[in-house]
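Visitor: Listed below, chain by chain, are the residues.
2 protein chains.
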Amino acid sequence: MTVVQEFLKANENYAASFHKGDLPMPPARKVAILTCMDARIDPARALGLEEGDAHVVRNAGGRASDDAIRSLIISEQLLGTGTVVVIHHTDCGMLTFSNEDLRQKLQGEFHTSADDIDFLPFKDLEQSVREDIATLKNSPFIPDTISISGFIYDVHSGKLLPVS
Amino acid sequence: MTVVQEFLKANENYAASFHKGDLPMPPARKVAILTCMDARIDPARALGLEEGDAHVVRNAGGRASDDAIRSLIISEQLLGTGTVVVIHHTDCGMLTFSNEDLRQKLQGEFHTSADDIDFLPFKDLEQSVREDIATLKNSPFIPDTISISGFIYDVHSGKLLPVS
Chain A
371 MTVVQEFLKA
381 NENYAASFHK
391 GDLPMPPARK
401 VAILTCMDAR
411 IDPARALGLE
421 EGDAHVVRNA
431 GGRASDDAIR
441 SLIISEQLLG
451 TGTVVVIHHT
461 DCGMLTFSNE
471 DLRQKLQGEF
481 HTSADDIDFL
491 PFKDLEQSVR
501 EDIATLKNSP
511 FIPDTISISG
521 FIYDVHSGKL
531 LPVS
Chain B
371 MTVVQEFLKA
381 NENYAASFHK
391 GDLPMPPARK
401 VAILTCMDAR
411 IDPARALGLE
421 EGDAHVVRNA
431 GGRASDDAIR
441 SLIISEQLLG
451 TGTVVVIHHT
461 DCGMLTFSNE
471 DLRQKLQGEF
481 HTSADDIDFL
491 PFKDLEQSVR
501 EDIATLKNSP
511 FIPDTISISG
521 FIYDVHSGKL
531 LPVS
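Those protein sequence lines, which keep their order, are chains A and B. First residue of the first sequence? That's 371 in my numbering, and the numbers climb one at a time after it. First residue of the second sequence? That's 371 in my numbering, and the numbers climb one at a time after it.
Any given hint could turn out to be false.
A pair counts as met if it fits within one copy or between any two copies, since identical chains are not told apart.
Stated by the list, open to error - 30 Å max Cα-Cα, derived DSSO-like pairs, lysine-lysine:
| no. | residue 1 | residue 2 |
| --- | --- | --- |
| 1 | K493 | K475 |
| 2 | K390 | K529 |
| 3 | K390 | K493 |
| 4 | K529 | K493 |
| 5 | K529 | K400 |
| 6 | K400 | K507 |
| 7 | K507 | K529 |
| 8 | K529 | K475 |
| 9 | K390 | K379 |
| 10 | K400 | K379 |
| 11 | K390 | K507 |
| 12 | K379 | K475 |
| 13 | K400 | K475 |
| 14 | K507 | K475 |
Read the hints as simulated data drawn from the structure, not as lab findings.
Next comes chain A alone, as it looks inside the complex (with noise of 0.2 Å):
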């Protein structure tokens, strides 16, 4: 079986005794969380959401990318979100590569320059999580109304630190 198989074998278990069908567009809890693709985190388990609860924006390094700020201001500004949660993670990939390391590899593999693209990776997991937080409120469509707070999710150890 391919894993999409098996993605729609589960699917078939999780519709089979859904009983969600009604919930409404805008986010429950007004909330929307910006954090990394990474495999090791689920959002909903770490954070106790349920469906309906809770905008979850993910990209590699859970950075604040324009295509992030793209999605919260529709979160805000449409579907009524007042709170952004910025959560990074401990040994993510973001830490271990540098722009030029990526950009020589796929020159390599592809014969195709990838220069100008800024894969947003960081040294420093604490102070990456403030530049993302700085770079939401710094937007001119994201105002000071919105709270936005920054944690470092450990993935040894299922918890969120906040960043100060």
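Chain A is already provided as a structure; the job is to place chain B on it using the hints.
Guide: What follows is chain B alone, placed relative to chain A:
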């Protein structure tokens, strides 16, 4: 209690019984999911994912944005995934507005032009999945060896429906 305090409380319970501290960084099932930030979607429950199984990239619409491609390149090139599953969903917020609508709202509220932001809304759900698959396949950094398929998640039934 604020929603952040609720998350910390829920996380205490999660961490107290956490026993998955030794998972490796690369996703065990070698798959990356690209889906919408919508609060009603819980990819782990809906697809049968455990911590460590899959990269999960999420943004407004589950679009194949430049940032999603950045994340997928890292997923594939540095962390060994070979399958991408694109999942859009019924009743998506992206079906309910146009760029012009949102830009006008932002201009009115913040007195700053958002004309250079494409919010990536769409009018046809199946078509948006097909477009995003095509965008990924056309990336010079996503080779033909990566398997890409598309689905629509029905938020009313919990069911995953293939898009061909």
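Visitor: Is it within, between, both or neither when you check K507 against K529 at 30 Å Cα-Cα?
Guide: within (26 Å within a copy, 37 Å between copies)
Visitor: Is it within a copy, between copies, both, or neither that the alpha carbon of K379 lies no farther than 30 Å from that of K475?
Guide: Answer is neither: 36 Å inside a copy and 43 Å across each miss the 30 Å cutoff.
Visitor: Please sort K529 with K475 into within, between, both or neither, judging by C-alpha distance up to 30 Å.
Guide: So K529 and K475 fail the 30 Å test inside a copy (34 Å) and across (39 Å) alike.
Visitor: Between K400 and K475, at a C-alpha cutoff of 30 Å, which is it: within one copy, between copies, both, or neither?
Guide: Between copies only: 20 Å across, 41 Å inside.
Visitor: Measure nothing new, just compare the shortest in-copy and cross-copy C-alpha distances for K390 and K529 to 30 Å and report within, between, both or neither.
Guide: both (29 Å within a copy, 12 Å between copies)
Visitor: Check K529 against K493 for me: Cα-Cα at most 30 Å, and say if that holds within a copy, between copies, both or neither.
Guide: within (21 Å within a copy, 41 Å between copies)
Visitor: When Cα atoms must be at most 30 Å apart, do K400 and K379 count as within-copy, between-copy, both, or neither?
Guide: Only across copies: K400 and K379 sit 18 Å apart there, 32 Å inside one copy, limit 30 Å.
Visitor: Is it within, between, both, or neither for K390 and K507, if the alpha carbons may be no more than 30 Å apart?
Guide: neither (34 Å within a copy, 34 Å between copies)
Visitor: Are the CA atoms of K529 and K400 at most 30 Å apart within a copy, between copies, both, or neither?
Guide: Answer is both; intra-copy 23 Å and inter-copy 25 Å each pass.
Visitor: Using 30 Å as the alpha carbon limit, work out where K493 and K475 are close: within a copy, between copies, both or neither.
Guide: within (20 Å within a copy, 38 Å between copies)
Visitor: With identical chains, the pair K390 and K493 could be close in the same copy or across copies; at 30 Å between alpha carbons, which is it: within, between, both, or neither?
Guide: between (41 Å within a copy, 25 Å between copies)
Visitor: Tell me, please, which holds for K390 and K379 at an alpha-carbon limit of 30 Å: within, between, both or neither?
Guide: both (19 Å within a copy, 24 Å between copies)
The structure shown violates the earlier hints numbered 8, 11, 12.
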